[in-house]
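Counting in my numbering, the sequence shown runs without a single skipped number right up to 330 at its last residue.
In case anyone wonders, no lab produced these hints; they're calculated from the structure.
One or more hints might be untrue.
Restricting the straight-line Cα-Cα distance to at most 30 Å, the calculated cross-link-like pairs of lysine-lysine (DSSO-like) are [said to hold, decoys possible]:
1. LYS100 to LYS240
2. LYS48 to LYS118
3. LYS212 to LYS164
4. LYS101 to LYS162
5. LYS101 to LYS164
6. LYS90 to LYS101
7. LYS82 to LYS164
8. LYS101 to LYS159
9. LYS50 to LYS285
10. LYS164 to LYS51
11. LYS151 to LYS82
12. LYS240 to LYS101
13. LYS124 to LYS101
14. LYS90 to LYS162
15. LYS151 to LYS124
16. LYS90 to LYS164
17. LYS240 to LYS51
18. LYS240 to LYS159
19. LYS151 to LYS162
Please read all numbers here as calculations on a predicted model, not as lab measurements.
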Amino acid sequence: MKLLELYKVKKNSIVAVLSIYRRTQYLQEQIEAVLNQTIPPKDIFIWVNKHEDNEEFVNKKLYPLLDTYDYSNFRVIKNDYNWKFHGRFSIAQMAQSEYVCVFDDDTIPGKKWFENCIKSMKLKNGMMGSIGEKYCLVSDQEINMRSIEGWRSNNEKIKRVDVIGHSWFFRKEWLKYLWAEEPVTWDVCEDIQFSFCLQKYGGIYSYVPPQPISDLDLCGSLKSYEYGGDEVASYILNMDEWRGKGTVRQLAYLEYIINRGMELTEGKNTMGKESVGWLWEDGELKEEYI
Numbered sequence: 041m042k043l044l045e046l047y048k049v050k051k052n053s054i055v056a057v058l059s060i061y062r063r064t065q066y067l068q069e070q071i072e073a074v075l076n077q078t079i080p081p082k083d084i085f086i087w088v089n090k091h092e093d094n095e096e097f098v099n100k101k102l103y104p105l106l107d108t109y110d111y112s113n114f115r116v117i118k119n120d121y122n123w124k125f126h127g128r129f130s131i132a133q134m135a136q137s138e139y140v141c142v143f144d145d146d147t148i149p150g151k152k153w154f155e156n157c158i159k160s161m162k163l164k165n166g167m168m169g170s171i172g173e174k175y176c177l178v179s180d181q182e183i184n185m186r187s188i189e190g191w192r193s194n195n196e197k198i199k200r201v202d203v204i205g206h207s208w209f210f211r212k213e214w215l216k217y218l219w220a221e222e223p224v225t226w227d228v229c230e231d232i233q234f235s236f237c238l239q240k241y242g243g244i245y246s247y248v249p250p251q252p253i254s255d256l257d258l259c260g261s262l263k264s265y266e267y268g269g270d271e272v273a274s275y276i277l278n279m280d281e282w283r284g285k286g287t288v289r290q291l292a293y294l295e296y297i298i299n300r301g302m303e304l305t306e307g308k309n310t311m312g313k314e315s316v317g318w319l320w321e322d323g324e325l326k327e328e329y330i
């Protein structure tokens with residue numbers, strides 16, 4: 041008896057997941073940046089969380105905008121609920137691709153971003169992000185950020201980090217790890233949930249690819265300073281609840297690190313030494329130590 045053949049995923053195929061919540065003004069620019077990648081996406085999923093700020097755009101302007109592109113693989117998922125930050129990763133499970141890239145709504149990538157991530161993953165088989173943070177544990181009640189890598193530092197080498205953000209580039213098969221444990225909170229912290237679960241259940245770490253100032257096409261987020269600090273930025277609106285000692289975000293991070301056993305890049309109680317990096321030269325990544 042002939043069995044049903046499994047769907048064959050095309051090598052280097054990518055599905056991009058974009059989001060709409062309170063920002064709609066950057067979507068067109070983001071779509072065009074994604075379509076102009078040197079490795080174009082197979083599909084673009086657009087995840088719409090419910091909010092009154094986006095209703096007019098979604099109901100009257102979104103589909104006419106999508107119709108202006110010579111591209112038939114948009115997939116719009118309109119929700120009657122705000123699934124916050126974790127929801128967009130759930131729809132990524134429907135991607136029929138080797139890779140998935142989930143974007144924040146203020147993130148405009150350079151045209152070689154997908155290419156940069158794939159090349160970097162050939163050297164370090166980990167999840168790649170536009171920005172990354174390293175932490176150290178000060179006490180059982182406090183953590184401090186040790187450093188920030190990515191578009192803010194214009195790193196010229198691959199950097200291992202504890203948590204990544206703004207965009208997440210990963211193998212689609214790794215999504216199974218994201219849901220291996222119940223999140224500490226559903227309000228925020230999807231970033232550390234994914235990095236923690238990849239590390240614990242897959243032995244997979246988080247990295248920031250090279251984003252040198254000399255080649256902004258490699259950059260994962262070209263306008264985050266301009267777009268990421270506007271009047272609807274979640275981290276600004278929720279500053280009192282998310283940032284600082286005793287806040288939801290800090291307590292959640294402590295839960296992952298202390299009680300769930302997340303391994304920090306530089307160790308829990310040390311500032312540590314610099315880690316190994318990889319330098320981008322002449323269109324290729326070259327391994328070398330810092």
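### Query
In ascending order, which of the hints set out earlier in this document are inconsistent with the structure?
Hints 1, 4, 5, 8, 9, 12, 14, 16 contradicted; others consistent.
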